[in-house]
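Protein chains: 2
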Amino acid sequence: MSYKEYVSRDYKPARTDIICEFNFKPAKGVSVLDAAGGIAAESSVGTWDKVMTETKKVSNMRAIAYYVRKNIVRIAYPLELFEPGNISQLLSSVAGNVFGMDILNSLLLKDIIFPKNYVKSFKGPRHGINGLRKKFKIYDRPLIGTIIKPKIGLSSSQHAKIAFKAWVGGCDIVKDDENLTNQDFNPFKLRVNKTLALMRKAEQLTGEKKAYLANVTAPYDEMLKRVKYVEKAGGTHIMIDVLTVGWSALQEIRKHTKLPIHAHRAMHAAMTRSEDFGMSMKVIAKLCRLIGVDQLHTGGILGKMSESKNEVLETVEAITSKKNDLGMLKQVMPVASGGLYPGVVEKLVKILGKDVIIQAGGGIHGHPRGTEAGAKAMRQALHAAIERIPLKRYAETHEELKEAIKKWGVKK
Amino acid sequence: MSYKEYVSRDYKPARTDIICEFNFKPAKGVSVLDAAGGIAAESSVGTWDKVMTETKKVSNMRAIAYYVRKNIVRIAYPLELFEPGNISQLLSSVAGNVFGMDILNSLLLKDIIFPKNYVKSFKGPRHGINGLRKKFKIYDRPLIGTIIKPKIGLSSSQHAKIAFKAWVGGCDIVKDDENLTNQDFNPFKLRVNKTLALMRKAEQLTGEKKAYLANVTAPYDEMLKRVKYVEKAGGTHIMIDVLTVGWSALQEIRKHTKLPIHAHRAMHAAMTRSEDFGMSMKVIAKLCRLIGVDQLHTGGILGKMSESKNEVLETVEAITSKKNDLGMLKQVMPVASGGLYPGVVEKLVKILGKDVIIQAGGGIHGHPRGTEAGAKAMRQALHAAIERIPLKRYAETHEELKEAIKKWGVKK
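Which chain is which? The protein sequence lines are A and B, in order.
The opening residue of the first sequence carries number 1 in the working numbering; numbering runs sequentially from there.
The opening residue of the second sequence carries number 1 in the working numbering; numbering runs sequentially from there.
None of these hints come from the bench; they were simulated from the model.
Copies of the same chain are indistinguishable here, so a pair counts whether it falls within one copy or spans any two.
Using 25 Å as the maximum straight-line C-alpha spacing, the simulated BS3-like pairs for lysine-lysine come out as follows:
| no. | residue 1 | residue 2 |
| --- | --- | --- |
| 1 | Lys-225 | Lys-123 |
| 2 | Lys-347 | Lys-412 |
| 3 | Lys-56 | Lys-161 |
| 4 | Lys-189 | Lys-57 |
| 5 | Lys-25 | Lys-4 |
| 6 | Lys-309 | Lys-28 |
| 7 | Lys-225 | Lys-258 |
| 8 | Lys-56 | Lys-194 |
| 9 | Lys-255 | Lys-225 |
| 10 | Lys-50 | Lys-411 |
| 11 | Lys-50 | Lys-406 |
| 12 | Lys-407 | Lys-4 |
| 13 | Lys-56 | Lys-407 |
| 14 | Lys-123 | Lys-110 |
| 15 | Lys-134 | Lys-201 |
| 16 | Lys-50 | Lys-412 |
| 17 | Lys-120 | Lys-225 |
| 18 | Lys-56 | Lys-189 |
| 19 | Lys-28 | Lys-411 |
| 20 | Lys-4 | Lys-57 |
| 21 | Lys-134 | Lys-322 |
| 22 | Lys-255 | Lys-228 |
| 23 | Lys-189 | Lys-255 |
| 24 | Lys-411 | Lys-350 |
| 25 | Lys-392 | Lys-347 |
Start from the sequences and build out the full structure, keeping to the hints where you can.
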């Protein structure tokens, strides 16, 4: 069977179509058009052979590969193929079996563009960037966050005390690490209680609004219980490892809490980094905005992770643009994280602007004089960047920053 | 900082450790030991720099890369790093940030071996192969399944009628396609009602036990409602797109229904097919067995999907072995699917044996005389394979099989 019935360069996508852009390479012996058509078939109504059960209505619901050039194909999907408000169903269609097809040697889902009516079936962020800024009463600078380190193994008391030092030193936000949930050495409830108590103390001491992002990642019922526990304990945020938790539970949690959701993307690179099969971080980010997380890890550019500046900027644009296909939804606050330290802040702000949370773990707790000094150094670096004072000059009069620069240097 | 503190070739894994095997390639300028240690660090207690907050207890909780040879590293993780019964937390640790680290040019998680105490914190399959065989009262042959085709676009009535023909023709199982959930043209409840009604009729007609696998994939609350709807309507199975739904919701659904769970793996190849970043299907399969699905797609070998025979056999072994690390849990029934037809059945049974569901979509509904004849041809092919009658000889006296062979040939 030829898949060419699923290719039509004359087709002009309807305003209600969902558009997917893939990079692809056909397997040996497969024509470009058959490969492109095969993707459209398998991700919509078709299969490997013509079936006797196909009706005229079904033929009209085919996805159409309307743009095929070199290794890029754009496919238009009639909206009725998709269940409104169901991310899992969307992915099972356009990012499902297609990756396994033997007619392809490579397939990367680079972008999905959504029509208005589909976007409307999702909630989007409850708070977004503006809502978060109101909560913190900080309008003119990035937020500074830290991840408690070591990642795992501290007791609840130790965890809370280190959080306290980070807040007092100048962090706005303290979060759990992605693999810390509810282990014996640091039970969830005890950690939340102790950390929130010291958060309130830090707020009194500094006069600043602080946030603790408790990682509620768990099987659904337990996760919801943890969310409710944070709410009752007076917590102001939750954190979820959105990809290891999965879309179905994430969508549901979004409906059941008013707390801002911090989305950690652990495991994304198992899908986003490959050059042969997978999808872009931009696609994952758009799904997160549809569902309605308020903060999303988008890459640190200058740190220990591999993503290029361009990739990160594309992801950031997707979740913050007011003019793209998701522009009617609130903006998700990007989080830059992974191997950051005071010496990268100036450059990072130049690249990403003010609407970002800059998170440092090792770059704070690895400061020669410990966590509080490390947090101070980060705030000092941020202050210098915002006021456009050269970092080294500012360090002359700011001891913590000077020590941080001595240890880690400045990113040019 | 050197990651070498996380490497110790003298370390002998404890019986309580979780063991992960990775294939990896260091980035340019990074030593093999630093890369191996870096994986162990980032997936346990470490980060890119030594932190002032590390305690002796934490140091003792480090993961240890104890086997490093060529591009293979085996890492032992102390069990206390992990929350019992929480797959999301496990993945956020051993399959989280590591894939994004810039010290690596490639990272594939090939296997996870679980200690008894960890396995005990999961439910495993409720029914397993033996339970399913009892339900069907079929003990001596593979089960034959079909996916209603076209994938999407039929009305609920059309869907049910095609299912009926498949059952009457000889299919044991009829399932929804992975991207069919609850769309306007075929609403979930109507489909379940109509299809189950005709399933009962087919059971009366054939005297055989039949199953309908309704795809309940949705945001969690809605998914649970659909499961309960199937239960009340007298359905005997549910189907979930486990990867697009995600681990958190899947674990929870397993707790809330007694129906066997058919696990479709749409999207797996976005993680499992890449040669540079991702994880093996074997790992995903083991997680599915831990959680407790009863049937899992493991690859068709001879069809339209790309996996090699070896990959499929490894996956099948992981979910059916009574002697591996998951041997105390019930066996998951493997599902061979994707581009199959009568002419592959003999060879498939030779490779996979009797404990398998053989599913054909296009290979049934694409039969020149339609669905019922297609299902008959599949059962005839299966009968020939089990009775070791040469397929072509059997086809001489079985018209449907003859026509199928004429159209699609026989896989040698």
